[in-house]
Every structure is written in structure tokens, then in C-alpha cells.
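Going by UniProt numbering, 148 is the number at position 148 of the sequence shown; the sequence numbering is gapless.
Hints are computed from structural coordinates only; laboratory data are not their basis.
Some hints here could point you the wrong way.
Taking CB as the label site, the calculated pair distances span [unchecked claim]: (1) Glu17 with His127: 29 to 39 Å; (2) Glu49 with Pro113: 15 to 25 Å; (3) Glu109 with Arg22: 37 to 47 Å; (4) His127 with Val62: 12 to 22 Å; (5) Gln7 with His127: 36 to 46 Å; (6) Glu79 with Ser34: 16 to 26 Å; (7) Tyr58 with Pro78: 25 to 35 Å; (8) Gly23 with Pro113: 34 to 44 Å.
No residue lacks a Cβ here, since even glycine has one placed at the ideal position from N, Cα and C.
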Amino acid sequence: MSLSEAQTTDDVAALGEIARRRGLRIAVVESLTSGGLAHAVGAGSDASEWFVGGIVAYMTEVKEVLLGLAAGSDPTSPECAEQLAAGGRDLFAADICVATTGVGGPDSEDGHPAGTVYLGWATEGAHGHRLLELDGSPEDVMATTVASAVGLILDTLQTADAV
Numbered sequence: 001m002s003l004s005e006a007q008t009t010d011d012v013a014a015l016g017e018i019a020r021r022r023g024l025r026i027a028v029v030e031s032l033t034s035g036g037l038a039h040a041v042g043a044g045s046d047a048s049e050w051f052v053g054g055i056v057a058y059m060t061e062v063k064e065v066l067l068g069l070a071a072g073s074d075p076t077s078p079e080c081a082e083q084l085a086a087g088g089r090d091l092f093a094a095d096i097c098v099a100t101t102g103v104g105g106p107d108s109e110d111g112h113p114a115g116t117v118y119l120g121w122a123t124e125g126a127h128g129h130r131l132l133e134l135d136g137s138p139e140d141v142m143a144t145t146v147a148s149a150v151g152l153i154l155d156t157l158q159t160a161d162a163v
């Protein structure tokens with residue numbers, strides 16, 4: 001197990017404990033990470049008590065129909081990441097939803113360099129995003145994105161007013 005994988009496992013354990021203790025529901029929406037984030041979060045202890053589910057949506061039309069993405073949105077943008085998180089939160093009736101979107105590489109896409117990633121998050125009273133500018137292979141970008149998204153869930157849960 002790599003250092004990054006070990007940190008992700010530790011973060012999932014911590015976020016699971018917080019979610020369980022506070023009775024929170026967590027959801028994920030993935031475009032870039034192909035189910036990797038749901039896999040990581042769902043591996044947490046007693047995940048069936050706090051992880052309500054996730055959606056992998058690559059095609060823009062699926063994002064629009066299922067998650068309420070505004071037509072014409074740039075799929076690699078902060079607005080897209082935030083809209084996906086808000087749509088997932090609503091769909092799953094979750095307390096927090098985190099979304100991943102971006103360009104895994106190896107090539108650029110629609111003017112965005114490979115490794116450009118946006119993480120979106122949404123809670124009942126707040127939403128936001130983080131920009132990641134990553135290097136490495138597509139596999140490295142996906143692994144770092146999963147670890148960063150798990151960290152974002154944990155950070156949000158640890159912020160007293162966020163959830």
C-alpha cells in the first residue's frame with residue numbers, strides 16, 4: 001500500500017467515524033475518477049450507515065438530466081464541479097456531496113491541460129470547489145484526485161459550521 005493509499009484509508013476511517021457519530025449522509029458524484037472515489041469511501045467501516053451512494057457520469061447529457069448541470073457548462077470548471085455536487089446532494093438527500101471533474105490526461109482537452117481537476121462540494125448551507133493542478137500519468141491523476149476528494153470530505157466534516 002502506498003503512502004497516498006494509506007492516507008486515504010486513514011481519512012476514510014476518520015470521516016466514517018464523524019459521519020456515524022453525527023448521523024450524516026455522504027454521497028459522491030464522479031466524472032474523472034471512474035468510480036474510484038465511491039470505491040474508496042464505500043470501503044470504510046460500516047459505510048452502509050453513512051455512505052448513501054454515488055454516480056459516475058461521463059457524458060454531459062447525463063450530468064444535465066440526472067444532476068441538473070446547466071446546459072452549455074464547461075465540464076472542466078468550478079461551476080460544473082459545484083453543480084454536480086449540489087445535484088448529487090439533492091438526488092441522494094445527503095448532508096454532503098463531493099464531485100470530481102477534470103482532465104486526467106495524457107492529453108489536454110477543450111483547452112484545459114492534463115491534470116486540471118476541480119473538486120466540488122455541497123452541504124445544506126454552503127458549496128464550493130478546489131482546483132487541483134496535477135502532474136503524472138492518468139492513473140496518478142486519478143489516484144491523487146481520489147485522495148484529495150476524500151480529504152475534502154473529511155475537511156468539510158471537521159468544519160463545525162459546514163454540516
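Note to self: Going through the numbered hints above, which ones does this structure break? Give me the numbers in ascending order.
What the structure shows: 1, 2, 5 and 7
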